[in-house]
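K.L.:
In order, the protein sequences belong to chains F and D.
Position 177 of the first sequence, counting from 1, maps to 177 under the working numbering, and the rest follow consecutively.
Position 273 of the second sequence, counting from 1, maps to 273 under the working numbering, and the rest follow consecutively.
Hints in this document: simulated from the structure, not taken from any laboratory.
All values derive from a computational prediction rather than experimental measurement.
Warning: the hint list may mix true and false statements.
[Said to hold, decoys possible] Label-pair distances were calculated between CB atoms; the ranges are:
#1 F:53 x D:262: 57 to 63 Å
#2 D:133 x F:74: 51 to 57 Å
#3 D:120 x F:53: 47 to 53 Å
#4 D:91 x F:212: 39 to 45 Å
#5 F:12 x D:107: 37 to 43 Å
#6 F:118 x D:84: 27 to 33 Å
#7 D:90 x F:148: 28 to 34 Å
#8 D:161 x F:213: 31 to 37 Å
#9 D:161 x F:201: 34 to 40 Å
#10 D:242 x F:134: 30 to 36 Å
#11 F:74 x D:132: 53 to 59 Å
#12 D:120 x F:77: 46 to 52 Å
#13 F:183 x D:284: 32 to 38 Å
Even glycine gets a Cβ: it sits at the ideal position worked out from N, Cα and C.
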Amino acid sequence: MSLLAIDNLSLHFGGVRAVEDVSFRVEPQEVFTLIGPNGAGKTSIFNLISRIYDAHAGRIAFEGRDITAIAPHEVAQRGIARTFQNVELFEHATVLENLLLGRHVRFRTRLPFELLFTPSVRAEERAHREKVEEVIDFLELQHYRDSRTGNLPYGVRKVVELGRALASGPKLLLLDEPSSGLNTEETEEMSFWIEDITQELGITVLMIEHDMALVREVSDRVLALNYGRIIAAGDVESVQAHPEVVRAYLGE
Amino acid sequence: MRAFVEFSQQVLSGAALGCIYALIALGFVLIYKATEVVNFAQGELMMLGAFLGYTFISLFGLPFWLGLPLAVVCMAGIGGLLDRIVVRPIVGQPVFAIVMVTLGMGFVARSGASLVPAWGVDTHVFSTPFTGKVTSIGPLVASHDQLAIMATTAALVAVLFLFFRYTRIGIAMQAASQNQLAAYYVGIPVKAICSLIWGLSAAVAAVAGILLAPIVFVHANMGFIGLKAFPAAVLGGFGSIPGAIAGGLVIGVVESLAGFYLPEGFKDVAAYVVLLLVLAIRPQGLFGEGLRKKV
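Let the hints inform the model, and build the full structure from the sequences given.
P.N.:
Following this line, the structure appears as structure tokens:
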């Protein structure tokens with residue numbers, strides 16, 4: 001069974017067809033990349049999956065269950081985590097606190113027990129701390145653990161956001177332009193992490209990316225969009241060579 | 001010596017009133033931080049809390065320690081409902097629309113209260129277990145009402161601090177106020193959290209109203225005290241909880257001293273004079289963070 005199944009998805013803003021009749025499948029443990037020129041509808045698809053937008057038509061199923069109309073905060077509970085193009089962090093909180101907030105959906109404690117600080121609450125806290133420390137080690141964020149995220153350089157903030165998504169223990173990770181704003185070295189590092197995330201942690205990745213070197217490096221399959229429609233799908237080489245894709249990027 | 005005792009006495013009574021300003025300012029700040037709505041009806045929430053306390057304790061004859069929590073819980077429910085029914089539909093609309101709605105809520109609350117048969121436009125008195133008792137601290141005299149206000153404010157602030165610092169809901173509230181989008185995607189039900197915050201603000205306002213009742217009486221217009229709490233919140237740096245408390249205390253003490261030492265009339269403008277002076281020197285308020293745009 002496909003992890004994520006998107007069928008005939010459409011999203012319109014007035015007369016603008018941001019997403020038009022898009023269907024694709026993401027299989028477990030693959031890296032699936034959406035490419036296309038600006039305004040092709042890639043981020044709109046992310047926003048439909050993470051329920052910022054309501055689809056006008058079509059269906060999104062995750063692990064065989066329909067998620068087309070669930071509440072936005074339930075997306076994380078189902079096991080889908082995401083990062084944003086422009087980094088959305090809790091700016092006044094430290095790296096550690098941001099990652100712990102990533103664990104929010106996994107907390108099971110209830111208020112009365114928390115107020116009493118019962119042993120079960122403490123045990124759970126410890127378990128979450130351990131999980132978060134694993135993520136910190138994995139992404140080599142030890143050095144920044146107690147820094148306020150608002151003060152960190154952009155490249156580090158980007159990694160912290162990835163860490164927060166990983167901390168939630170997702171099955172599917174949506175990465176919106178993981179390399180944007182990063183230098184070559186940081187982009188290189190990002191591609192190693194994406195490989196480790198799928199191979200070591202067994203997490204499926206659906207990403208949007210413009211950097212074709214990174215796309216080639218990590219993607220199992222690629223889907224090209226233009227004006228909200230699918231123009232090509234398949235492995236990296238065939239999609240990149242597809243005449244429609246060449247035309248979309250270079251013009252007639 | 002006598003001058004010093006007089007001064008201290010004024011500071012003491014100013015601090016007690018300042019605590020009330022602080023509690024109302026706290027309500028402003030909680031709602032503003034989480035939802036970026038400035039709730040101009042915060043004073044009216046306090047008024048409704050006082051009336052509910054009056055109803056339960058004086059009209060129904062419930063014991064104070066039952067009537068107080070009952071009024072607070074009712075107000076928490078009313079606060080949450082206001083968010084759900086009145087505020088949530090207009091979030092995302094232009095700021096002035098939201099301002100008009102909260103101002104309107106204040107008007108409706110005032111006229112609504114005066115239409116209730118047993119409330120009306122009269123002033124009501126209700127006594128608390130503290131009323132009429134005094135304690136001498138050296139040469140100073142403090143009424144138990146004043147001491148109760150200060151002790152309750154201190155306790156409430158401590159509880160709120162622990163709540164925000166250590167509980168999952170408290171942390172989720174902080175997260176939602178820092179970044180709503182990110183909060184949604186770590187699985188925080190942001191809309192429900194906003195309603196809870198409105199409930200919390202209204203509950204704090206109810207405590208303030210019931211504590212204030214023995215000092216200024218219960219009246220449909222008692223909510224105008226919110227006009228003093230507003231500068232308190234701004235003084236502290238809108239958006240800062242410690243700032244709201246400090247701002248409230250400063251305004252309360254300054255007002256009390258101005259009333260005692262300065263000619264008639266200065267008392268009511270003192271709060272705004274202090275506010276102007278502080279903002280001229282520190283535009284972000286006492287505890288506010290500077291808004292610098294990074295380029």
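K.L.:
If a hint holds in the structure, say so; if it doesn't, say that too.
P.N.:
A quick look at each hint next to the structure:
| no. | hint | in the structure |
| --- | --- | --- |
| 1 | F:53 x D:262: 57 to 63 Å | 59 Å, holds |
| 2 | D:133 x F:74: 51 to 57 Å | 54 Å, holds |
| 3 | D:120 x F:53: 47 to 53 Å | 51 Å, holds |
| 4 | D:91 x F:212: 39 to 45 Å | 41 Å, holds |
| 5 | F:12 x D:107: 37 to 43 Å | 41 Å, holds |
| 6 | F:118 x D:84: 27 to 33 Å | 32 Å, holds |
| 7 | D:90 x F:148: 28 to 34 Å | 33 Å, holds |
| 8 | D:161 x F:213: 31 to 37 Å | 50 Å, violated |
| 9 | D:161 x F:201: 34 to 40 Å | 37 Å, holds |
| 10 | D:242 x F:134: 30 to 36 Å | 35 Å, holds |
| 11 | F:74 x D:132: 53 to 59 Å | 55 Å, holds |
| 12 | D:120 x F:77: 46 to 52 Å | 50 Å, holds |
| 13 | F:183 x D:284: 32 to 38 Å | 34 Å, holds |
Checked against the numbered hints given earlier, this structure breaks only hint 8.
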